[in-house]
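**Q** For chain A, the structure is supplied; the task is to place chain B on it using the hints.
Those sequence lines, one after another, are chains A and B. The opening residue of the first sequence carries number 1 in the numbering used here; numbering runs sequentially from there. The opening residue of the second sequence carries number 1 in the numbering used here; numbering runs sequentially from there.
Treat the hints as calculated values from the structure; they're not laboratory data. Predicted, not measured: the structure shown is a model, and the values here were computed from it. A portion of the hints provided could be inaccurate.
Quick partial rundown of chain A residues pointing at chain B, CB under 8 Å, derived from the structure [what the hints assert, rightly or not]: (1) 48; (2) 50; (3) 54; (4) 56; (5) 70; (6) 73; (7) 101; (8) 194; (9) 228.
BS3-like cross-link-like pairs, simulated, lysine-lysine; straight-line CA separation at most 25 Å [what the hints assert, rightly or not]: (10) B:425 / B:470; (11) B:167 / A:151; (12) A:78 / A:195; (13) B:380 / B:352; (14) B:399 / B:346; (15) B:167 / B:265; (16) B:454 / B:265; (17) B:454 / A:151; (18) B:470 / A:108; (19) B:31 / B:44; (20) B:425 / B:277; (21) B:46 / B:31; (22) B:454 / A:118; (23) A:239 / A:226; (24) A:135 / B:454; (25) A:122 / A:151; (26) B:277 / B:198; (27) A:118 / B:470.
Even for Gly, the Cβ is constructed at its ideal location relative to N, Cα and C.
Here is how the chains run, residue by residue.
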Amino acid sequence: MLNIKNLHASVEGKEILNGLNLQVNPGEVHAIMGPNGSGKSTLASVLAGREAYEVNEGEVLYHGESLIELSPEDRARKGIFLAFQYPIEIPGVSNANFLKTAVNEVRKSKGLEALDSKDFLKLMKDKMQLVKMDKSMTQRSVNEGFSGGEKKRNEIFQMAMLEPELCVLDETDSGLDIDALRIVSDGINALRDGKRSFIVITHYQRLLDYIVPDFVHVLYKGKIVKSGPKELALELEEKGYDWIKEEVEI
Amino acid sequence: MSEDLKIIDEVTSGEYKWGFVSNIESENAPKGLSEDIVRFISAKKKEPEWMLEFRLKAFRHWQKMQEPQWANVNYPKVDFQDIIYYSAPKPKKQLNSLDELDPEIKATFDKLGISLLEQKRLAGVAVDAVIDSVSVKTTFRQELSKLGIIFSSFSEAVQEHPELVKKYMGSVVPYTDNFYAALNSAVFSDGSFCYIPKGVRCPMELSTYFRINSAGTGQFERTLIIADEGAYVSYLEGCTAPKRDENQLHAAVVEIYAHTDAQVKYSTVQNWYPGDKDGRGGIFNFVTKRGLCAGERSKISWTQVETGSAVTWKYPSVILKGDYSTGEFYSVALTNNYQQADTGTKMIHIGKHTRSTIISKGISGGRSNNSYRGLVRIGKQAEKARNFSQCDSLLLGDKCGAHTFPYLECANPTAKVEHEATTSKVGEDQIFYCNQRGISTEDAIGLIVNGYCKEVFNQLPMEFAVEAQKLLAVSLEGSVG
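The shape of chain A in the complex, shown without the other chains:
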C-alpha cells in the first residue's frame, strides 16, 4: 500500500529525514518510535503533503503511484488521513458542517453522490458511538474550546467519518489521561478491519498496550535504525534509546 524508499526531506533548508525506508501493507499497524527530534512528526507532515516540507530525494509510493506531486487534498481524497498532534480550531464552523463538506468532497472524488442531510446525520450518529462522543460536539465549532482529550477524540471521529485507507496518527496519545486514552484506542481498534493500515507515531509504549502493532520501528536521526515485533516497544520502554544510539554510532 505504502512504500517509502530512501526518503530525504527537509524543512526550512534543514534536512530532517535522510534515507528513510518503510513498507506498509494493507491491514498492518506500524508503530514509529524514537527520541525527540528524530523526525517522527516530519514523516507525518511529509505524508500529508504539508507545504513547508520539501522532499529532496527518494520516493513515496501509494498504491504504486507517487504521492510527492499530489496536493494535500488529493492525498486526503485518495484515503490518507492524518490525525493531528495539535488539532486546529476553526471558529464559527460547526463540526457537522465541516465534516459534511469533507465527506462529500471525498465522495465526489470517488464519483459518488453527495450525502443528503438525513444520510449524513445517520452516518454521524453511527460513528459518534465509536469514540463515545456527545451529540452536542457536532454542533460546536471545530475544536474550538475543546479540551485536549476532546480534540483527540474528534480526530478519531473524523477518521471514522472519512473512512481512509491509511491512517497516520501523530502522537494521538499525548495529553490524554488513561480513560481518554482507552476511549481513543478503542475507537481506533474498531476501525481496524484487516484492510485499513495504520502508522502510529508515539513516544510511549503505553499506547501500544491498547493498539497492538504488527511492527515497531525506531526512528533516529531521520532514518529507521531498528525494526522488530511488538516486543521491541517493551524493550525500548525498559532501556530507553541509548543502546540503539550506541548501536547506530558503531
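**A** Relative to chain A, chain B alone:
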C-alpha cells in the same frame, strides 16, 4: 509568495456577476447641479411646494458645505457637475399589474434573481424595485394596506401621504446633517416609504431592491420607515450595478423612526459594482443611515453585509432617546482588490437604561483597505446605559489593511461600556487542516470566512442569510456560486 497566498490571491480576485447593462430606455436630466436641476426634478415628480422648498433649502445649504475628508479612504475628487441627477426608465406610467411592467425591466430583475412575481408568491416578501432613480414596482401593496401598512415608493408617499412625509422626513437625518445627506435631500429622486400603524406586526419582510443602470448617473434614493407604537417590521435592502469604467456616485439617506415599544429590523446586502481587479470603476457608496428610538422600549437593529462598492462610507446609527430603548449593529464588510471601506456605527445614548450592541466583522483581501469607525456616546442623562462592542478583522493575504477607530464618549458614571477587538489572519494551519480532510483551499477559505461571519449572518432573515453566504463565497472565489 507561498502557495496558499497565491491561491488566496486568485480566489480573492473574483469576477462581478451582476455587471450587465439592461437596454432600458431612460429619460435623463441634463448633467450638472443647479437650482434649476433641483426644480426640474421636483417638477418631474409633480411635487407640492413644500417638497420643493425642502429641496431648495437643502441645496443652498449643500453649496456652503465641504466634502468630508476624515474617512480613511482615497478616491479622485467627485465632479458634482459631471453627474446626471435624474434618470428614469421610460415610459413611466401608473402600473396596475405586473404584466404592464416593461419586459426589459422585468428581465433585469429576473437576471438578478429578483423575480418580482416569484418573490411575491414564494417568499412572501413585498418588494419595491428601484432602477436608477425611480421606483418601478411595488408588490403586495393591497394585502399590506388591509392592515393599514403603507409601503410605496417615496414619490407616491409624497402625493398620497403628505402629512406623514412632512412630519417625519428630515426628523432623523436633517438636511444639514452632512455633505452627502444635504446633497441627497436636494436631488433625491425616489426610494421607499413605509409606515406601520400602531400595534401592527408586519406579517412579511418588506424589501427594496436598488439597481443603477444608466451611465453617468448618480443614485440618490431616500428611504423613510416609521414604526408607530408597538409596531414591528423587518426590512431588507439589496443593491447591484453594471460594470463601468467610470465611478458612479450613490448617496442615499435612510431614516427610521421608532415610537414607543416599536421594533424595526433593517437588513442590507450591499453589492454595488466594486470596480475591476485593478481598481477601475465601481460605485462610490456614501450613505447616511440613522434610526431614532424615540419612544420607550423601542428597538432598532441594523444588519449589513457589505461586499460591493469601490469606496464605502457608511455608518448606520441609532439615537437611543427613549428610556430602555435598544440599538443593534451587526456588520460584515468584505473588501477585495482595491476596494476601500470606512464603515461602522454610532450609538448615541440619551435615555436611561438604554442598551446597544455592536458586532463588526471586517474581512480584507487583495490590496483593499477596511476600516471600522464607531462612536459610542453616553449622554449625561443616560443612567445605567450599556454598550458592548466587538470589532474583529480578518486578513486574507499580506497586501491588505484592516483598521479600527473606536471613539468613546461617556458623560455618565453609571454607564457600562465594553469594547473588544481582534485581528486575525486566515491561518495556513487552518487551510492545511481543511486540505487534509479533502477540502480544497478555495472551499476552505469560504468555510473559514463564513464561520467568522456567523454571528452576523445569524441576525439575517433566513433567505437573506443564504444569499449573503453565497455572495460572500462569490466575492471570494470568483465564478463559483
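**Q** If a hint holds in the structure, say so; if it does not, say that too.
**A** Here's how the hints hold up against the structure:
no.: 1; hint: 48; in the structure: holds, 5 Å
no.: 2; hint: 50; in the structure: holds, 6 Å
no.: 3; hint: 54; in the structure: violated, 12 Å
no.: 4; hint: 56; in the structure: violated, 18 Å
no.: 5; hint: 70; in the structure: violated, 11 Å
no.: 6; hint: 73; in the structure: holds, 5 Å
no.: 7; hint: 101; in the structure: holds, 6 Å
no.: 8; hint: 194; in the structure: violated, 24 Å
no.: 9; hint: 228; in the structure: violated, 30 Å
no.: 10; hint: B:425 / B:470; in the structure: holds, 21 Å
no.: 11; hint: B:167 / A:151; in the structure: violated, 60 Å
no.: 12; hint: A:78 / A:195; in the structure: holds, 15 Å
no.: 13; hint: B:380 / B:352; in the structure: holds, 10 Å
no.: 14; hint: B:399 / B:346; in the structure: violated, 29 Å
no.: 15; hint: B:167 / B:265; in the structure: holds, 22 Å
no.: 16; hint: B:454 / B:265; in the structure: holds, 18 Å
no.: 17; hint: B:454 / A:151; in the structure: holds, 22 Å
no.: 18; hint: B:470 / A:108; in the structure: holds, 21 Å
no.: 19; hint: B:31 / B:44; in the structure: holds, 16 Å
no.: 20; hint: B:425 / B:277; in the structure: holds, 22 Å
no.: 21; hint: B:46 / B:31; in the structure: holds, 21 Å
no.: 22; hint: B:454 / A:118; in the structure: holds, 23 Å
no.: 23; hint: A:239 / A:226; in the structure: holds, 14 Å
no.: 24; hint: A:135 / B:454; in the structure: holds, 21 Å
no.: 25; hint: A:122 / A:151; in the structure: holds, 22 Å
no.: 26; hint: B:277 / B:198; in the structure: violated, 49 Å
no.: 27; hint: A:118 / B:470; in the structure: holds, 23 Å
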